[in-house]
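Engineer: Given next are the chains, with one letter for each unit.
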Amino acid sequence: MTQLSSKSTQDIDPNEWIDAHSDVLYKYALPRVQQRDIAEDMVQETFLAALKNIDSFSGKSTIQTWLISILRHKIADYYRKSNRETDENIDDILEDFQSHFFNKKKWKVKLSDWRANPEELFSQKEFMLVVKACLKKLPRAIASAFILKEMSDVDSKEICKDLDISESNLWVRLHRSRMSLRQCLEENWFSD
Amino acid sequence: MSNIFKILTLKCKDASVLLTRMQDEPLSKSDRLALKFHVMICKPCRRFKKQLELIKRVMSVFKSNLTKLAQLTDKQRERIRKKVLSKL
Numbered sequence: 001m002t003q004l005s006s007k008s009t010q011d012i013d014p015n016e017w018i019d020a021h022s023d024v025l026y027k028y029a030l031p032r033v034q035q036r037d038i039a040e041d042m043v044q045e046t047f048l049a050a051l052k053n054i055d056s057f058s059g060k061s062t063i064q065t066w067l068i069s070i071l072r073h074k075i076a077d078y079y080r081k082s083n084r085e086t087d088e089n090i091d092d093i094l095e096d097f098q099s100h101f102f103n104k105k106k107w108k109v110k111l112s113d114w115r116a117n118p119e120e121l122f123s124q125k126e127f128m129l130v131v132k133a134c135l136k137k138l139p140r141a142i143a144s145a146f147i148l149k150e151m152s153d154v155d156s157k158e159i160c161k162d163l164d165i166s167e168s169n170l171w172v173r174l175h176r177s178r179m180s181l182r183q184c185l186e187e188n189w190f191s192d
Numbered sequence: 001m002s003n004i005f006k007i008l009t010l011k012c013k014d015a016s017v018l019l020t021r022m023q024d025e026p027l028s029k030s031d032r033l034a035l036k037f038h039v040m041i042c043k044p045c046r047r048f049k050k051q052l053e054l055i056k057r058v059m060s061v062f063k064s065n066l067t068k069l070a071q072l073t074d075k076q077r078e079r080i081r082k083k084v085l086s087k088l
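Protein sequences appear in the order of chains H and D.
The first sequence: position 98 = 98 (this note's numbering), numbered continuously.
The second sequence: position 81 = 81 (this note's numbering), numbered continuously.
Honestly, the hints are just simulated from the structure, not real lab data.
From the three backbone atoms N, C-alpha and C, an ideal C-beta is built for every residue, glycine too.
Wrong hints could be hidden among the right ones.
Claimed, not checked - For lysine-lysine, the following DSBU-like pairs were computed, each having C-alpha atoms within a straight-line distance of at most 30 Å:
hint	chain 1	residue 1	chain 2	residue 2
1	D	K68	H	K27
2	D	K75	D	K87
3	D	K13	D	K68
4	H	K136	D	K56
5	D	K13	H	K106
6	H	K161	D	K63
7	D	K50	H	K157
8	H	K52	H	K81
9	H	K108	D	K13
10	D	K75	H	K81
11	D	K11	H	K108
12	H	K157	H	K137
13	D	K50	H	K105
14	D	K75	D	K63
15	H	K104	H	K137
16	H	K104	D	K49
17	D	K75	H	K136
18	D	K6	D	K49
19	H	K81	D	K56
20	D	K49	H	K108
21	D	K49	H	K157
22	H	K161	H	K52
23	H	K137	H	K108
What the hints assert, rightly or not - Calculated from the model, a selection of chain H residues having no Cβ within reach of chain D, i.e. all distances over 12 Å:
hint	residue
24	D55
25	S58
26	S61
27	T62
28	T65
29	S69
30	A76
31	R80
32	K81
33	K137
34	R140
35	A141
36	D162
37	L163
38	D164
Isolated chain D (complex conformation) (with noise of 0.2 Å):
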């Protein structure tokens, strides 16, 4: 009965929620299914949960491209190793 109640009345503000906590984790059955229906229904939701899976993408792209452009320049470093050994 719990998750009936759960599905009928899910609001946008909770499913957000569940929404953005769904990109991390895996949900409960109920939240799953009380989601899954809510969706289905709410077109702001559903562009919201198309929305957050562009970001998780945009983000990972973002990593691969800061990880590529991590380049030490001679400058940084030879400004490290003067900060190292002087307070050694």
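Same shape as in the complex, but just chain H (with noise of 0.2 Å):
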């Protein structure tokens, strides 16, 4: 491996990568941007950024580990561009959001009883699309953090690290994304 460190552009051949590491790449952005155009980017631009930085590939670990970390960072840059919400004021944001679902005390939202056999619930497809589409409603900047928690197998430090937000921002839009989640499943499947 070694070797390929000292390797300049023209001795790599573009069309060889593509062909040994284009579906692993995709197989790891897909889940995590959930969609098939903007994964289709991500991996073109990892390649792309790999082909043109070569030099700096250290050669200590495999050539696909290290497009792997190119294209986390790519997907990093992706959600941080979304990311307006500050550090800041982040307990009155929360307190806010609250506001809708809570009174003073109580709950204020019906929460039905969720009976459900999981795996027969998650076998439907129906089921399934709902969730898609409540997903899809988040906006995208609190989303950003629970699909990045959800669909990767990377921890809250690294979480934050990529998103460039506080521990206690990420456990904010953590329990925004769950909430609304909840509250659009419950509205749209479990509701009567």
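Both chains are sitting in their own frames, so use the hints and assemble them into the complex.
Structural biologist: So this is what it looks like as structure tokens:
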């Protein structure tokens, strides 16, 4: 592998790289960005960045691991762009958000009994479509944290680093995502 | 004393935050105790807890479905190839 680090762009066949690694990169990207066209763009940008910066490949890892780390940064960039909420007013944001769901003390929205057999429920195409639609409805700025959390195996600290937010900001985003997703499922599937 | 105070004063609004937080990291002992007690006596929060667990499970199914389905088509691969080669 170390020999590769001394290679220049001319020695690399981009076609070979694309044939060998595009599937793996796409499989990594799709759950994390949720949209086929975006995932495709991410893969393309990853190859481009890698081929242009082949000199920075240290040879300590495999090419594929290196490509995935570039892709991870591309995905973080993509999400950071939609990140408009700063850390400073995070308590106010939470307080304001909670007021839609709670009176001073109690819940003010309906929580029905989701009496469901999970296996049966998850095998229903219609239900999974509702989940997908509900996820899509989440504001991207908060959903990014939730999607990254649920769709990748990286820990919270890494997600904070990728999104450039504090941990309390992350918790608030995860809370809002889960509350909103719950509300959407309640209204569109579980309510009679 | 403060633990008992927390148990007696925990509101649904704050319990909901602890319940979502619990999905990702362990809570402190006093939060855990207060929450346990609150959930025991509060039906909506009990439901909320169960719903969160279901959401967690559905997300993991969603993830594995997406990973299984994540197959580049030949058309997509050629599009990537064309763009990469043209920009190099």
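Engineer: Would you mind marking each hint as holding or not holding in the structure?
Structural biologist: We went through each hint and held it up to the structure:
1. D:K68 <-> H:K27: Within the cut-off at roughly 8 Å; holds.
2. D:K75 <-> D:K87: Status holds; Cα separation ~19 Å.
3. D:K13 <-> D:K68: Distance of about 38 Å is beyond 30 Å: violated.
4. H:K136 <-> D:K56: holds (17 Å)
5. D:K13 <-> H:K106: Holds: K13 (chain D) and K106 (chain H) sit about 7 Å apart, inside 30 Å.
6. H:K161 <-> D:K63: It holds: about 22 Å lies between the C-alpha atoms, which stays within 30 Å.
7. D:K50 <-> H:K157: Status holds; Cα separation ~27 Å.
8. H:K52 <-> H:K81: At roughly 23 Å apart (the allowed maximum being 30 Å), K81 (chain H) and K52 (chain H) satisfy the hint.
9. H:K108 <-> D:K13: holds (10 Å)
10. D:K75 <-> H:K81: holds (28 Å)
11. D:K11 <-> H:K108: With Cα atoms ~13 Å apart, K11 (chain D) and K108 (chain H) stay inside 30 Å; holds.
12. H:K157 <-> H:K137: This hinted pair holds, its Cα atoms lying about 26 Å apart.
13. D:K50 <-> H:K105: holds (20 Å)
14. D:K75 <-> D:K63: Holds. K75 (chain D) to K63 (chain D) sits at ~24 Å (cutoff 30 Å).
15. H:K104 <-> H:K137: holds (27 Å)
16. H:K104 <-> D:K49: holds (20 Å)
17. D:K75 <-> H:K136: holds (26 Å)
18. D:K6 <-> D:K49: With Cα atoms ~19 Å apart, K6 (chain D) and K49 (chain D) stay inside 30 Å; holds.
19. H:K81 <-> D:K56: holds (27 Å)
20. D:K49 <-> H:K108: With Cα atoms ~16 Å apart, K49 (chain D) and K108 (chain H) stay inside 30 Å; holds.
21. D:K49 <-> H:K157: holds (25 Å)
22. H:K161 <-> H:K52: OK: K161 (chain H) and K52 (chain H) at ~25 Å, within 30 Å.
23. H:K137 <-> H:K108: Within the cut-off at roughly 22 Å; holds.
24. D55: holds (15 Å)
25. S58: About 22 Å separates S58 (chain H) from the closest Cβ of chain D, which puts it past 12 Å; holds.
26. S61: Correct as stated: the minimum Cβ-Cβ distance to chain D is 21 Å, above 12 Å.
27. T62: holds (20 Å)
28. T65: holds (18 Å)
29. S69: Its Cβ never comes within 12 Å of chain D, the nearest being 18 Å, so this holds.
30. A76: holds (18 Å)
31. R80: With a cut-off of 12 Å, R80 (chain H) remains clear of chain D, as the shortest Cβ separation is near 21 Å.
32. K81: holds (20 Å)
33. K137: About 14 Å separates K137 (chain H) from the closest Cβ of chain D, which puts it past 12 Å; holds.
34. R140: At about 17 Å from chain D, R140 (chain H) clears the 12 Å cut-off, so the statement holds.
35. A141: holds (17 Å)
36. D162: holds (16 Å)
37. L163: Non-interface label on L163 (chain H) holds, nearest chain D Cβ at 15 Å vs cutoff 12 Å.
38. D164: holds (19 Å)
When the structure is compared with the earlier hints, a violation turns up for hint 3 alone.
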